[in-house]
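Enquirer: The residues making up each chain are set out below.
2 protein chains.
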Amino acid sequence: MNQNYEKLKQYVDKAAALGAALSLFGWDNETLAPKNSMEKTSKLVGILSSEYFNTIINDEVEQLLKELKVDNTLEEVEKAVVRCFAEDIDSLKTIPPQDFVAYSELTSKASSIWANARVENNFKLFEPVLAEIIEYNKKFAGTQAKDGQKIYDVKLDEYEKSFHITDLDEFFNQLKDTIVPLLKKIKEKEGFIKSDFLFKHYDIEKQKKFNHWITEYMGFDYSRGVLGESEHPFTTNLHREDVRMTTYYFENNLESAIFSSIHECGHALYEQGIDDKYAMTPVGQGASCATHESQSRFFENIIGRSRSFWVPIYDKLVELFPENLSDVTLDDFVKAINRVHADEIRTEADELTYCLHIMVRYEIEKKIFEENYPIDKLPQLWNQLYEEYLGVIPANDSIGILQDVHWSGGMFGYFPSYALGNAFSAQIYNQMKKDINVNKLLEEGNIKEIVQYLNTHVHQYGRSKTAKQILFDVTGEEFNPKYYIEYLTEKYSTLYEL
Amino acid sequence: MNQNYEKLKQYVDKAAALGAALSLFGWDNETLAPKNSMEKTSKLVGILSSEYFNTIINDEVEQLLKELKVDNTLEEVEKAVVRCFAEDIDSLKTIPPQDFVAYSELTSKASSIWANARVENNFKLFEPVLAEIIEYNKKFAGTQAKDGQKIYDVKLDEYEKSFHITDLDEFFNQLKDTIVPLLKKIKEKEGFIKSDFLFKHYDIEKQKKFNHWITEYMGFDYSRGVLGESEHPFTTNLHREDVRMTTYYFENNLESAIFSSIHECGHALYEQGIDDKYAMTPVGQGASCATHESQSRFFENIIGRSRSFWVPIYDKLVELFPENLSDVTLDDFVKAINRVHADEIRTEADELTYCLHIMVRYEIEKKIFEENYPIDKLPQLWNQLYEEYLGVIPANDSIGILQDVHWSGGMFGYFPSYALGNAFSAQIYNQMKKDINVNKLLEEGNIKEIVQYLNTHVHQYGRSKTAKQILFDVTGEEFNPKYYIEYLTEKYSTLYEL
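The listed protein sequences derive, respectively, from chains R and S. For the first sequence, our numbering assigns the number 2 to the initial residue and increments by one for each residue that follows. For the second sequence, our numbering assigns the number 2 to the initial residue and increments by one for each residue that follows.
Watch out, some of these pointers could steer you wrong.
Since the list can't tell identical chains apart, any single copy or any two copies may satisfy a pair.
Claimed, not checked - Only pairs whose alpha carbons sit at most 27 Å apart, straight line, appear in this in silico DSS-like list of lysine-lysine:
{"#": "1", "residue 1": "Lys41", "residue 2": "Lys15"}
{"#": "2", "residue 1": "Lys449", "residue 2": "Lys41"}
{"#": "3", "residue 1": "Lys67", "residue 2": "Lys162"}
{"#": "4", "residue 1": "Lys110", "residue 2": "Lys15"}
{"#": "5", "residue 1": "Lys15", "residue 2": "Lys44"}
{"#": "6", "residue 1": "Lys469", "residue 2": "Lys162"}
{"#": "7", "residue 1": "Lys125", "residue 2": "Lys110"}
{"#": "8", "residue 1": "Lys449", "residue 2": "Lys434"}
{"#": "9", "residue 1": "Lys441", "residue 2": "Lys140"}
{"#": "10", "residue 1": "Lys8", "residue 2": "Lys67"}
{"#": "11", "residue 1": "Lys70", "residue 2": "Lys441"}
{"#": "12", "residue 1": "Lys466", "residue 2": "Lys435"}
{"#": "13", "residue 1": "Lys67", "residue 2": "Lys201"}
{"#": "14", "residue 1": "Lys492", "residue 2": "Lys449"}
{"#": "15", "residue 1": "Lys36", "residue 2": "Lys15"}
{"#": "16", "residue 1": "Lys441", "residue 2": "Lys186"}
{"#": "17", "residue 1": "Lys15", "residue 2": "Lys94"}
{"#": "18", "residue 1": "Lys278", "residue 2": "Lys36"}
{"#": "19", "residue 1": "Lys483", "residue 2": "Lys209"}
Worth flagging that the hints you see were computed from the coordinates, not collected in a lab. Predicted model, so just to flag it, every value in this text is computed and none were measured.
Let's have the full structure, built from the sequences with the hints guiding it.
Expert: See the structure below:
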């Protein structure tokens with residue numbers, strides 16, 4: 002083995018070990034840790050985090066990477082490790098060392114100020130700290146911007162490399178032109194689809210059984226993973242043989258846990274499917290946020306809300322809950338889980354309106370960074386855009402501009418990756434349908450063939466390919482939002498008989 | 002703050018963070034981790050362990066400790082931290098650096114060889130590796146022995162400072178003289194106590210509810226801890242605000258989970274009761290193995306198997322399981338949970354015979370280290386001692402000499418601390434009865450006063466006092482096994498009407 006690489010590998014291994022420890026603490030905190038443990042645990046986690054930071058950011062690693070980046074003797078996996086490790090370091094370095102402490106303290110403080118402002122339903126409480134965070138982010142991005150690069154493009158690059166304002170403007174303009182009018186027509190047909198049976202009493206132990214079963218049915222390997230419970234469902238992993246997802250059960254809601262589980266299972270199948278040769282290195286993870294989201298959304302919506310998916314398994318659900326479902330037909334069930342309900346809250350959005358929520362945030366972030374939009378006018382702008390795109394004005398700021406945690410942590414430029422993920426999934430689906438008979442496989446209960454297709458074309462590569470490259474290699478073309486828009490238009494016009 | 006101490010504190014903090022991470026991985030491995038995760042996880046844990054090792058064993062720490070040990074300006078907590086940190090380092094150093102890798106590989110290999118030998122019921126498979134481990138331990142202990150110190154005394158010191166062969170010989174001789182003949186008489190009254198109702202069908206969900214309730218009743222603070230499940234019950238912690246215990250539920254055994262929970266709760270109450278000023282330092286843990294065991298055994302046996310304990314709560318158990326217990330009186334129940342059943346397996350032993358199991362191991366270890374007893378003759382010796390002390394000859398080596406994991410990990414000298422813990426608990430109980438009305442408090446449902454007594458006299462000090470010192474400060478005398486022997490003799494003579 003290359004001597005420089007061998008030295009670097011020591012750091013990569015230590016970072017993997019500390020990273021896994023931090024993931025385990027994160028998982029534990031959301032699923033099990035006793036409520037009064039946090040103060041002390043967060044001190045310990047802080048020490049491990051700074052140890053992680055020092056492991057990857059130091060002079061020896063910098064020197065090694067400098068030499069290894071131009072070293073032609075490296076093997077394929079080694080090259081990928083060098084590239085991804087360097088990217089991780091760059092992304093940790095977006096905050097200049099001299100601002101690191103002040104900014105960390107600010108965002109840490111901001112998260113509780115935001116939480117309080119949301120409870121108090123008072124944007125004014127959050128406004129000053131939000132303004133400060135925005136100033137810092139403008140400053141940081143300004144320092145990094147190369148050759149007249151736009152500030153917001155720098156922020157976008159942090160989360161989804163090479164998807165910029167020009168791409169997103171085109172994407173969202175198409176959405177605006179098609180989905181907004183479509184939604185207007187659908188809203189006129191309120192009550193067209195019945196869904197009350199989804200909100201009867203559903204025994205939680207039985208729900209657990211079904212959610213475990215359905216994720217296993219999808220191909221989640223329980224010898225290499227866990228399904229837990231947490232208030233906000235998420236997926237994490239210690240490495241590819243230990244992938245952990247959570248869901249949350251409501252006693253009066255059948256669909257919430259199921260579609261959370263299916264969504265998280267999409268993430269988890271991605272992690273379990275990454276080639277073992279990348280395991281426990283920075284290459285052994287999803288290619289990007291949007292690529293990860295493309296997998297979770299694909300299973301949640303395109304597959305999980307399709308009629309074909311439920312054909313072989315709906316009876317199983319009826320058997321578990323005959324008291325609620327025995328006179329609900331498969332078609333009525335599928336309609337109900339696809340009903341459109343344009344509400345104010347992003348995390349509860351249906352498939353059709355989800356991207357409109359993101360569009361609101363994208364436009365606001367762009368105005369903040371590119372037009373220096375006044376912070377005190379943001380709530381008004383928020384409500385105006387919600388009315389325009391979703392036809393709904395949030396009753397108050399708690400369920401309006403204060404609903405998401407992201408901005409309090411300085412995560413500007415993150416939201417668009419959710420929307421891109423949806424669009425990626427439709428573009429991949431368009432190609433997949435040409436290669437395999439998706440509906441037939443689903444109706445035969447053979448969903449694992451579909452997972453296999455994604456393993457082959459997406460999952461196995463981990464981060465060794467970029468998101469753009471994966472998309473191009475699977476579909477033979479660059480990112481193209483038209484597939485997503487066509488998919489939504491066709492599906493929802495048919496569903497609502499428009 | 003003292004400058005040297007401040008520097009040392011950095012290492013102490015980092016060791017606490019890595020230690021907590023290792024504890025969390027340990028907990029997770031026993032309670033939740035998917036079965037195929039171990040290979041990769043153990044690599045990551047290995048990296049964190051060696052990071053822990055390097056954090057506490059290095060030249061700067063050595064130099065700092067040298068100066069701090071003679072620094073008179075330190076405050077009380079700082080002094081205790083320095084002493085305990087130095088002790089931890091010494092105990093990690095019992096293996097000389099040049100043998101470390103070879104010995105670690107040997108014990109790691111030995112554990113699976115032992116497991117296989119146990120399954121195959123073939124001591125010969127384990128014998129060579131056991132012999133090698135013993136040779137290493139003789140060598141290590143020989144290097145450390147000071148001024149003609151006996152080799153086995155060095156090993157005993159590793160687990161329970163200052164309890165040596167002379168102390169243990171006296172202790173076990175007294176046991177031999179009193180408990181062995183007492184057991185003989187009890188065995189003649191086989192069938193005197195009925196206990197079949199304990200082994201009917203007990204719904205596990207209901208058992209869980211009761212075990213959660215009873216540990217909370219004992220004073221376990223669930224805002225600072227967790228009760229989980231694992232095959233082998235244990236207690237661990239990340240720090241004093243996050244103490245975790247486990248139990249294991251059998252569908253056909255009521256007492257197993259309850260007494261495991263009560264036992265682990267004894268350990269957990271100790272951890273939760275240590276003064277906050279020692280938290281996240283090497284002082285913030287139990288004073289010694291035996292002191293810890295004194296707390297768990299005290300609650301499991303002296304309290305948990307007493308009639309007074311069950312007076313206010315037995316009805317609750319009957320209410321949960323009326324089908325099995327409604328015609329079992331409190332007295333019959335208490336008799337059943339105290340019945341003597343001299344079997345071959347230590348971990349299933351009753352209160353009376355437990356120490357006899359330890360006595361067998363003590364005598365064998367002494368012969369190994371002090372008389373160079375031939376390894377191939379150990380199974381024979383084991384069976385002979387079981388017959389002599391417990392009146393039972395193990396049917397085979399799997400449930401004989403191969404039953405415990407300890408020796409495969411090189412843990413010689415550890416077993417006696419279990420027996421010492423029992424004896425400590427009786428000595429403390431003897432004093433406690435003079436200070437508070439234990440039975441009255443129990444009968445009034447006021448067990449928390451008893452926990453409070455232990456908090457005040459034992460728990461709060463953590464490791465700032467030695468085991469000997471705690472025992473002396475609580476009871477006003479040195480270790481004295483007579484209280485334990487008197488307690489057992491009186492309790493079991495009465496129970497069996499001898």
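Enquirer: Tell me, please, which holds for Lys41 and Lys15 at an alpha-carbon limit of 27 Å: within, between, both or neither?
Expert: both (24 Å within a copy, 13 Å between copies)
Enquirer: Is it within, between, both or neither when you check Lys70 against Lys441 at 27 Å Cα-Cα?
Expert: Classified as neither: same-chain Cα gap 47 Å, cross-chain 76 Å, threshold 27 Å.
Enquirer: Tell me, please, which holds for Lys483 and Lys209 at an alpha-carbon limit of 27 Å: within, between, both or neither?
Expert: neither (38 Å within a copy, 54 Å between copies)
Enquirer: For Lys469 and Lys162, with the copy left unspecified, which applies at a CA distance of at most 27 Å: within, between, both, or neither?
Expert: within (9 Å within a copy, 63 Å between copies)
Enquirer: Under a CA distance limit of 27 Å, which applies to Lys36 and Lys15: within one copy, between copies, both, or neither?
Expert: For Lys36 and Lys15, the Cα distance is within 27 Å only across copies (23 Å; inside one copy 30 Å).
Enquirer: 27 Å Cα cut-off: does Lys441 pair with Lys186 within a copy, between copies, both or neither?
Expert: Classified as neither; 32 Å inside a copy, 76 Å across copies.
Enquirer: Cα distance capped at 27 Å. Does Lys15 pair with Lys44 within a copy, between copies, both, or neither?
Expert: Close inside one copy (20 Å) and across copies (10 Å); limit 27 Å.
Enquirer: At most 27 Å between C-alpha atoms: does Lys449 with Lys41 qualify within a copy, between copies, both, or neither?
Expert: between (44 Å within a copy, 25 Å between copies)
Enquirer: Classify it for me, Lys125 with Lys110: is the Cα-Cα distance of at most 27 Å met within a copy, between copies, both or neither?
Expert: Within one copy, since 16 Å is at most 27 Å while 63 Å is not.
Enquirer: Cα distance capped at 27 Å. Does Lys441 pair with Lys140 within a copy, between copies, both, or neither?
Expert: neither (53 Å within a copy, 70 Å between copies)
Enquirer: Regarding Lys110 and Lys15, is the shortest C-alpha distance of 27 Å or less found within a copy, between copies, in both, or in neither?
Expert: Intra 30 Å, inter 24 Å, cutoff 27 Å: inter-copy only.
Enquirer: Quick one: Lys8 to Lys67, C-alpha cut-off 27 Å, is that within a copy, between copies, both, or neither?
Expert: Classified as within: same-chain Cα gap 13 Å, cross-chain 33 Å, threshold 27 Å.
Hint check: violations occur at hints 9, 11, 13, 16 and 19; the rest are consistent with the structure.
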